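Asks: Read top to bottom, the protein sequences are chains A and X. Under the numbering used here, residues 1 to 320 are what the first sequence spells out, in order. Under the numbering used here, residues 321 to 534 are what the second sequence spells out, in order.
Misleading hints may appear alongside valid ones.
Said to hold, decoys possible - With a straight-line cut-off of 27 Å between C-alpha atoms, the simulated BS3-like cross-links for lysine-lysine are:
(1) K331(X) - K318(A)
(2) K252(A) - K168(A)
(3) K285(A) - K432(X)
(4) K58(A) - K72(A)
(5) K516(X) - K318(A)
(6) K248(A) - K116(A)
(7) K323(X) - K385(X)
(8) K331(X) - K385(X)
(9) K323(X) - K294(A)
(10) K385(X) - K294(A)
(11) K294(A) - K58(A)
(12) K168(A) - K100(A)
(13) K331(X) - K317(A)
(14) K317(A) - K428(X)
(15) K100(A) - K494(X)
(16) K97(A) - K494(X)
Treat the hints as calculated values from the structure; they're not laboratory data. Quantities reported herein were computed from a predicted structural model and do not represent experimental measurements.
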Amino acid sequence: MLIRKAPELTNADITPKSVYLDRRKFLQAMGIAGATAAAGRGLWELAFATQTAFAATKLTGLAKSPFSTTEKQNTFEDVTHYNNFYEFGTDKGDPAKNSKNFNTSSWSVSVEGEVKKPRKFSMDEILKIAPLEERIYRHRCVEAWSIVVPWIGFSFSNLINLVEPTAKAQFVAFQSYFDHRQMPQGKYAGIDFPYVEGLRMDEAMNPLALLCVGMYGETLPNQDGAPVRMVLPWKYGFKSIKSLVKIKFQQKMPPTTWNLSAPGEYGFYSNVNPSVDHPRWAQSKERRLGEIFKRPTLMFNGYGDQVASLYNGMDLKKNY
Amino acid sequence: MRKLLSSKWTKVVVFLLCLVPLGALAWRAFHGGLGANPVEFVQHATGDWILRFLVFTLAITPLRKLLHLPELIRFRRMLGLFAFFYACLHFLTYIGPDQSFVLSAMWKDVAKRRYITVGFAAFLLLMPLAITSTTGWIRRLGGKRWQQLHRAIYASAVLGVIHYFWLVKSDVRKPLFYGALVAILLLWRLGDWFFKRRSQAPVRITAPGVSMND
């Protein structure tokens with residue numbers, strides 16, 4: 001009975017918020033004390049909660065954002081059980097399976113390089129940098145599938161302003177957490193870890209660039225990049241680095257993981273661009289999860305009004 | 321064992337077993353078990369089964385000889401046709417959900433992306449084999465010519481593995497696994513052919529100019 005409940009809920013045409021609420025009610029009804037510790041996972045796993053890894057906490061008092069789309073959101077179940085996080089395995093279902101015991105307690109993010117005030121931020125400090133907003137963004141993977149996710153966070157520029165970059169800061173380099181003991185599947189990924197990414201300074205300052213700490217009203221699930229990640233909706237998903245531990249401001253363009261792995265396929269900018277095809281995935285169309293046929297992909301994933309000016313005068317076919 | 325292999329019921333059982341992957345997909349489809357991206361799930365499942373059935377088909381001859389079980393040959397045609405059957409399903413998921421049944425777009429895609437090109441070639445190569453798989457066609461072509469034509473399955477299997485290898489982003493373990501199986505099965509044939517030639521060679525030397533058929 002319990003197993004059959006999950007598909008019914010996800011297939012029903014209800015908002016993810018109510019999926020979330022139903023889940024809570026369901027748990028209360030079942031009288032599973034302390035099961036909130038496991039919230040943020042699939043219903044199925046919740047019902048059979050054997051793992052109580054790091055707790056998902058509800059995030060409240062979220063401001064609405066003018067950047068949010070009104071498109072239909074994907075379900076929490078889809079977003080948490082179909083994604084890439086190669087440190088935990090290369091199948092789309094691997095991150096959910098293999099990140100259950102990922103320990104994100106006592107997390108800190110080190111900010112260094114060309115800044116006047118280099119420092120470490122604890123998660124508590126990060127949550128207090130700026131008021132949390134809910135931002136419902138389109139998210140487009142380079143593999144030609146896409147989702148709509150209600151992320152939670154604030155513009156990355158808030159953090160930048162706190163640390164006061166010097167005039168030499170032209171680029172921002174990001175680094176993910178990596179620990180082969182916690183992420184033993186990482187050795188089969190075929191790419192080097194820790195995962196690194198980067199942005200040009202003006203891209204990082206763009207208000208769309210989100211420092212993200214949650215989604216669907218609660219803190220980030222492990223498989224989606226807990227406890228803190230970037231979300232860059234006008235770029236392919238792999239640019240939005242997960243489980244962030246280091247931010248470095250620098251003069252030189254930083255190396256990026258997929259570009260190091262296959263420079264002919266993944267560029268530094270990796271803006272969503274339907275007219276520049278990847279050798280394996282035609283980028284003119286995409287499959288929104290939940291749909292059968294593909295829909296056209298929009299330039300900058302539909303965020304041209306906000307970001308197109310960043311690339312004035314650049315040949316985006318060369319700077320892919 | 322040999323009695324079991326020559327029973328007509330065994331053929332029925334194998335036929336039904338070959339349909340299990342399709343049945344499993346149908347069951348999942350009706351129970352919400354295809355995940356967040358059902359099209360991709362079906363594409364990957366059918367793709368896996370094409371390669372598996374090609375490997376099964378290619379394994380018949382070596383197993384038949386190594387295990388001295390000539391009856392195994394009874395299943396080769398069926399296994400090969402199931403490889404083609406799953407290839408048709410695989411192709412349908414591509415031309416349908418991926419290309420929206422627009423042929424012009426499909427041709428552009430086939431020409432443009434190399435993993436699609438080789439996958440499509442692998443599929444095309446299986447077509448004449450499926451058509452000429454009947455006893456009537458074996459008779460019409462003659463055993464030797466028929467056999468030569470059906471060696472196209474070697475190329476199809478190799479192209480299928482390349483298709484998979486070029487598709488994955490960085491974790492190449494699964495394509496390499498299929499590649500190793502196909503390589504072993506093809507190398508066995510090469511070895512078999514080589515040893516046969518060597519063991520036949522003395523016959524030719526002792527009887528120069530005399531055709532074996534005379």
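Asks: Which earlier hints turn out false for this structure, listed by number in ascending order?
Replies: Going through the list in order, the structure violates hints 1, 5, 9, 10, 11, 12 and 13 and respects the others.
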